[in-house]
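Peer 1: Keeping their order, the protein sequence lines are chains C and R.
For the first sequence, the working numbering gives the first residue as 1, with consecutive numbering after it.
For the second sequence, the working numbering gives the first residue as 1, with consecutive numbering after it.
It cannot be assumed that every hint is accurate.
Note that the list lumps identical chains together, so a pair holds whenever it fits in one copy or between two copies.
Unchecked claim - Keeping only pairs whose Cα atoms sit at most 30 Å apart, straight-line, the calculated DSBU-like set for lysine-lysine is: (1) Lys204 - Lys2; (2) Lys4 - Lys346; (3) Lys345 - Lys29; (4) Lys311 - Lys205; (5) Lys58 - Lys311; (6) Lys31 - Lys121; (7) Lys205 - Lys29; (8) Lys345 - Lys121; (9) Lys205 - Lys58; (10) Lys205 - Lys4; (11) Lys29 - Lys204; (12) Lys31 - Lys242; (13) Lys205 - Lys265; (14) Lys345 - Lys205; (15) Lys345 - Lys2; (16) Lys327 - Lys4; (17) Lys311 - Lys346; (18) Lys205 - Lys31; (19) Lys345 - Lys31; (20) Lys24 - Lys327; (21) Lys31 - Lys86; (22) Lys121 - Lys4; (23) Lys263 - Lys345; (24) Lys58 - Lys265; (25) Lys31 - Lys346; (26) Lys58 - Lys29; (27) Lys205 - Lys242; (28) Lys265 - Lys86.
Just so you know, these hints were derived from the structure itself, not from any lab.
Protein chains: 2
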Amino acid sequence: MKTKIALIGFGTVGQGLCEILISKQDELKTKYGFDHSIVAISDLVKGSVYAEDGLDVKECLYLIDNDQSLTEYTAGPCVTGWDSLKTITHTNADVICELTFTDLVSGEPASTHCRTAFSSKKHVVTSNKGPAALFYNQLLSLAELNGVQFRIEGTVMSGTPVLNLVDGPLTGCRIFGFKGILNGTTNYILTGMEAGTSFETMLKKAQELGYAEVDPTGDIEGFDAMAKVIILANVIMGQNFKSGDVQRQGIAQITPTMIEEAKSKNTRWKLIGSVEINKNGDCNARVLPELVPLSHPLAGVSGATNALTFKTDLLGDVTIVGAGAGKIETGFSILNDILAIHRVKKSL
Amino acid sequence: MKTKIALIGFGTVGQGLCEILISKQDELKTKYGFDHSIVAISDLVKGSVYAEDGLDVKECLYLIDNDQSLTEYTAGPCVTGWDSLKTITHTNADVICELTFTDLVSGEPASTHCRTAFSSKKHVVTSNKGPAALFYNQLLSLAELNGVQFRIEGTVMSGTPVLNLVDGPLTGCRIFGFKGILNGTTNYILTGMEAGTSFETMLKKAQELGYAEVDPTGDIEGFDAMAKVIILANVIMGQNFKSGDVQRQGIAQITPTMIEEAKSKNTRWKLIGSVEINKNGDCNARVLPELVPLSHPLAGVSGATNALTFKTDLLGDVTIVGAGAGKIETGFSILNDILAIHRVKKSL
């Protein structure tokens with residue numbers, strides 16, 4: 001049975017997903033029996049289009065590349081102009097990809113999109129940290145109540161397996177803590193500072209490369225890493241953390257002198273997001289610059305790469321290192337979650 | 001429905017699995033709805049016992065700890081003395097854990113155990129490299145023909161997710177190469193040599209710690225890593241490699257001078273197992289000492305730890321670092337594979 005997909009939001013990640021689906025259509029059919037169509041795309045700025053038999057995705061990408069609206073779609077019969085909520089409730093999509101912008105304060109409009117999808121008995125796949133960081137447990141309950149899935153691999157370390165690594169290959173292990181480099185921008189800046197470049201120059205470079213936003217506060221002050229710490233703690237350790245539960249400090253205070261001193265002690269400054277359960281069973285969550293010994297796997301993680309060490313009861317430490325961001329990398333996270341939904345559907 | 005397990009071979013891994021199952025019985029029931037009994041254990045040296053309603057595993061472990069045979073079992077009605085093949089075919093087990101010794105030349109008796117289990121429509125879970133390195137594709141076909149699973153996570157990097165990482169969290173990516181530290185003994189020796197200790201002293205230490213065998217040839221000369229390279233190439237890259245297809249060299253030629261020279265160039269000697277597809281589509285497999293730049297994630301992997309970098313089309317490099325061996329770590333690989341079988345059964 002064809003998986004019918006609607007994209008809410010058509011920025012980098014949505015376009016990355018479309019590029020992958022176009023180039024891998026045959027491979028996905030042959031290898032996994034996965035047949036799909038993208039039936040709707042709705043974007044606040046770029047317009048909205050719905051075709052119940054599936055859109056010509058190449059035309060959609062062409063329109064965006066040429067600064068045209070999706071309402072200019074001509075490849076076949078379609079309806080245009082539906083807003084996100086109508087697209088979620090009134091199209092024949094069975095998987096909703098929530099790919100709008102991240103708001104870590106209100107979680108909107110993404111959280112409403114998720115709730116509406118679940119109430120309409122549609123699966124949600126998202127890389128949006130807002131709903132996941134603010135309302136994970138609530139949204140998961142609503143999804144389960146409606147017999148659908150809420151999959152969020154892309155919210156942490158793009159498509160590098162983190163949440164799907166725990167749910168499957170680590171099934172049977174208990175995770176009692178983790179420690180990771182969860183923000184690529186700050187790691188890129190710290191790596192450059194170690195090579196002698198100033199904080200300001202590295203920040204400018206990060207902005208030029210698209211790693212950091214024009215207002216880099218979210219990265220530099222550790223808010224982005226904090227959202228990921230909350231998501232990890234709630235998803236893989238069964239916690240119910242809010243932002244007030246995480247001690248947070250960014251990298252703005254790290255000076256060249258501190259970096260030189262660290263080197264002389266065979267250590268390296270890294271912005272580390274971590275959760276550990278202490279002897280009393282209390283769970284402590286932090287985002288802090290930490291001195292990491294060069295012998296630790298996290299010390300060797302340079303540039304915009306991310307890494308995460310899980311502390312497990314049966315396997316000891318398990319570390320995964322990979323891309324933390326990127327159009328295709330995050331697009332893949334969405335694809336992998338859609339394939340996981342397909343796998344369950346297939347076995348039913 | 002209860003999963004009924006038979007253990008063929010009752011050495012370190014089998015005992016590790018039993019210890020985990022005893023301590024996690026309630027947790028596995030609550031978290032995953034996994035209910036099980038070990039109905040049979042058959043070991044060439046330690047004896048054999050079968051109880052269709054499940055064995056008292058604590059008594060089995062007690063007997064072994066006290067150098068008694070499993071035939072001395074008294075906890076309930078049972079049959080003793082069945083050999084491995086009769087245990088596979090005549091007990092009510094639905095999952096056979098093949099945990100006998102590794103023979104990389106004949107693959108026996110493990111391969112016959114696997115074939116017999118598949119013909120009896122029973123799943124096989126194993127950490128034995130013999131059948132996997134010599135006959136993977138053949139055995140997989142036989143398993144599929146009989147509608148059962150052949151799961152081998154523990155053959156590479158013990159329970160650290162490798163094969164189950166690719167089959168699931170990396171679904172949708174194509175893997176076109178890998179590069180890894182796949183043998184703990186040689187990595188332990190090289191790490192010690194970097195700190196100034198001689199090869200001979202480190203080898204003796206590795207033997208004392210149980211990392212290396214009394215005859216360490218399999219580790220030192222790269223045969224163990226080669227078996228793992230073959231398994232990885234065949235399972236995750238769809239190859240059909242035999243041992244003759246892998247270029248192999250061990251670490252015996254690495255001298256203290258070479259290690260010092262490497263240091264001065266910001267590199268480090270590692271025994272690397274790798275496969276890459278070149279421009280002509282040819283697949284080159286190697287186990288060789290290689291100079292790894294300190295900036296590469298594999299450089300920071302020290303001691304008996306293992307690590308593997310996958311080269312993927314959508315995510316770039318993804319590296320996983322974790323335990324390469326150990327009683328509980330490998331026992332977990334068997335548990336995780338059994339839980340994967342349970343998950344599929346549950347969804348049917």
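Peer 1: When the hints from earlier in the document are held up against this structure, which numbers fail?
Peer 2: 1, 7, 9, 10, 11, 14, 18, 21, 23, 24, 27 and 28
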